[in-house]
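Undergrad: Chain by chain, the residues:
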Amino acid sequence: MGTQRVVIVGASHASAQLCVSLRRDGWDGEILLIGDEPSLPYHRPPLSKTFLAGTTTIEDLHIRKPEFYEKEQVAFRHARVTRISREARTVTLDDGEELGYDKLVLCLGARPRPLSIPGMELAGVHYLRDAADITAIRDSLAGASRAVIVGAGYIGLEAAASLRKLGVEVTVLEVAERVLQRVTAPAVSAFYDRVHREEGVDLRLGVGVLALEGEDQVTSVRLTDDDHIAADLVIVGVGVLPNVELAQDAGLAVDNGIVVDAHGRTDDPDIFAAGDCANHYDARYDRRLRLECVSNAVEHAKSVAGAICGKDKPISALPWFWSDQYDLKLQIAGLSTGYDTVVLRGDPAAGRAFACFYFADGRLVAADCVNNAKEFMFSKRAIAEGLSPDRSMLADPGTPLASLLQASTSPTG
Amino acid sequence: MGTITFVEHDGTSHDVDLVDGESLMELATSNGVPGIDGDCGGEAACGTCHVIVDDAWIATTGTRSDEETQMIEMSPECAPNSRLSCQLKARSELDGLRVHLPEFQM
Ligand SMILES: Cc1cc2nc3c(=O)[nH]c(=O)nc-3n(C[C@H](O)[C@H](O)[C@H](O)COP(=O)(O)OP(=O)(O)OC[C@H]3O[C@@H](n4cnc5c(N)ncnc54)[C@H](O)[C@@H]3O)c2cc1C
Ligand code: FES
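If you read the sequences in order, they're chains A and B.
If you read the first sequence in our numbering, its first letter stands for residue 1, the second for the next number, and so on.
If you read the second sequence in our numbering, its first letter stands for residue 414, the second for the next number, and so on.
The following block holds chain A by itself, in its conformation from the complex:
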């Protein structure tokens, strides 16, 4: 084994991929993975989906089995890193130990955005980010019959669907005027609004939370319109904040995430960042991006591994995302920010399958596909290739998608 050491901080999606890609790209030195959660990297998306409602254990969610790390000679250390010393090239652990690195990769992820209202300390009030949160939610669920979810983003809506499946009464509160406002077109929001109401969710829009009330255990939620809702379980899902403090304290550039170049490198050539905590320059969108999805974490990790091993693999894959609620499988390709036109294929106002395509300057930039995996895969390909499929043909469910891949014009061609 080589004598150099890569230290990875955070046992995460990005770091699991990093271990794979480093070995594949020829890193023969040490790999030390340090994480403050007790487990090896696990899949986070199921936490609000199958895991919340189910009986699976965290071991079932491991991204790679423990044998993989053994075989690839990756050492895992359960500890929190409290400091980086760039001069000494060391990281300090919470027990005081200092460990040297040659290359350091920060896969610190993000944490729930805190809600600063009275009553957040009450029993029965939870955020939803990691396995420990789920264990606590499952405990609170025993005997609970009424849940309030604060925030109608993907995580809030997924949690609502999972709890409905368990027979819990669910109220979802959202300050914005529509669900998923930050991420989707009005037609898609209206679709999810309808389905959640059809499934029995009490959805309240344009309303905020003033306080959580109860003795030790939460019993009710006070709203900005002065209404009260009884609750024995509250889940707060109002977005996340990137974990940047470690980098910031070490003097690295931070601006909505740890600032990295197209290879995941910070302004220190030996320090990299990947995943939710990293803000990278993206050539496709010609701007800086900080994304919160698995595909982004995986792509970052591949680029960082390449950079560490002297291979040029700039961040380039198209971001994509998915969300499961009830019998709905939503798959999203690309980023819809900056769109000027949407095209619908299928009818979101009836039934449970359709696709919403986002165009900017005539070019397809993103698609939300509900129970339409084929439309999703079509979009992944068409967006990656920079195609501008004919909009009226795309809107016609009778048009075979394959024909649109051939007939589409690319703006440069």
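Simulated from the structure, these hints should not be mistaken for lab results.
Treat the hints with care, as some may be off.
[Claimed, not checked] Only some residues are given here: those of chain A computed to face chain B with a beta carbon under 7 Å:
1. Arg24
2. His43
3. Lys65
4. Phe68
5. Leu289
6. Arg290
7. Leu291
8. Ala373
9. Lys374
10. Phe378
11. Lys380
12. Arg381
[To be verified] List time: in silico BS3-like cross-link candidates among lysine-lysine, alpha-carbon distance up to 25 Å:
13. Lys49/A x Lys165/A
14. Lys311/A x Lys502/B
15. Lys49/A x Lys502/B
16. Lys374/A x Lys502/B
17. Lys311/A x Lys71/A
18. Lys65/A x Lys49/A
19. Lys49/A x Lys311/A
20. Lys502/B x Lys65/A
[To be verified] If you want the footprint, here are the derived chain B segments under chain A, 3+ residues with CB under 8 Å:
21. 418-431
22. 434-447
In this text, a Cβ means the ideal position worked out from N, Cα and C, and glycines have one as well.
Take the given structure of chain A and dock chain B with the ligands to it, following the hints.
TA: Here is chain B with the ligands on its own, set in the frame of chain A:
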């Protein structure tokens, strides 16, 4: 026990131990087979676990489901025996199975 062989697009082959009940995607990722990422963890949501089953084996593995077809059909490398390896569970009858990897996952 048994063996499943993954053949990369350039012909490099990887023999992995068959573990009853695990999906081929899990076997590939646990054993570091390049070219199978399994980003969604086996939810049939990402399409990064596409494999093409050797002709001799397709009767034993069975052909793909509609859900898999939807995911794979748009790949330029879609073949009649294409499957999502996360939807293909290893079992003792599959000892000796060979699957081929496409050049690119989508
Ligand atoms: C409930 C839920 C559902 C989701 N659903 C989807 C989905 O359907 N599709 C999708 O694409 N994405 C989804 N996401 C987002 C996805 O999980 C994240 O984008 C992904 O986990 C990011 O990975 P990461 O590598 O950036 O870090 P993370 O997975 O966030 O992990 C970072 C790790 O670093 C640890 N850490 C932080 N600081 C330190 C320190 N100083 N020392 C040691 N360890 C430290 C943290 O405790 C954590 O374990 C979901 C997220 C959640 C919470
Ligand atoms: S692992 Fe994602 S589709 Fe198979």
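Undergrad: Look at each hint and say if it fits the structure.
TA: Checked hints:
Look at Arg24/A: its Cβ gets to within about 6 Å of chain B, closer than 7 Å, so that hint holds up. A hinted interface residue such as His43/A counts as satisfied when its beta carbon comes closer than 7 Å to some beta carbon of chain B; here the least separation is about 4 Å, so the hint holds. With a cut of 7 Å, the hint placing Lys65/A at the interface with chain B holds, because the nearest CB-to-CB distance is about 4 Å. Evaluation of the Phe68/A hint against chain B yields a held restraint, the C-beta minimum of about 5 Å falling below 7 Å.
This hint is violated: Leu289/A has a C-beta 18 Å from the nearest C-beta of chain B, more than the 7 Å allowed. At about 19 Å, the closest approach between the beta carbon of Arg290/A and any beta carbon in chain B exceeds 7 Å, and the interface hint on this residue is violated. Hint on Leu291/A is violated. Least Cβ distance to chain B is approximately 14 Å, over the 7 Å limit. Here the hint on Ala373/A is kept, as its CB sits about 4 Å from the closest CB of chain B, short of 7 Å.
This hint holds: Lys374/A has a C-beta 4 Å from the nearest C-beta of chain B, less than the 7 Å allowed. Of the supplied interface hints, the one on Phe378/A holds, with its beta-carbon coming within about 5 Å of a beta-carbon of chain B, less than 7 Å. Hint status for Lys380/A: holds, given a least beta-carbon distance of 6 Å to chain B, under 7 Å. Given hint, Arg381/A at the interface with chain B, holds; its Cβ is 6 Å from that chain's nearest Cβ, closer than 7 Å.
At roughly 10 Å between alpha-carbon atoms, Lys49/A and Lys165/A fall within 25 Å of each other, so this suggested pair holds. The suggested pairing of Lys311/A with Lys502/B is violated, with an alpha-carbon distance near 35 Å, which exceeds 25 Å. A distance of roughly 22 Å separates the Cα atoms of Lys49/A and Lys502/B; the hinted pair therefore holds under the 25 Å criterion. With a C-alpha separation of about 23 Å, the suggested pairing of Lys374/A with Lys502/B holds against the 25 Å cut-off.
Proposed proximity of Lys311/A and Lys71/A is supported: the alpha carbons are some 23 Å apart, at most 25 Å. Taking the CA atoms of Lys65/A and Lys49/A, the gap is about 21 Å. The hint holds against a cut of 25 Å. For the hint pairing Lys49/A with Lys311/A, the CA-to-CA distance comes to about 37 Å; that exceeds 25 Å, so the pair is violated. For the hint pairing Lys502/B with Lys65/A, the CA-to-CA distance comes to about 17 Å; that is within 25 Å, so the pair holds.
Under a criterion of three residues with beta carbons nearer than 8 Å to beta carbons of chain A, the stated coverage of the stretch 418-431 of chain B fails, only 0 such residues being counted. With a cut-off of 8 Å between beta carbons, the stretch 434-447 of chain B has 6 residues touching chain A; three or more are needed, and the interface restraint holds.
Checked against the numbered hints given earlier, the structure breaks hints 5, 6, 7, 14, 19 and 21 and satisfies all the rest.
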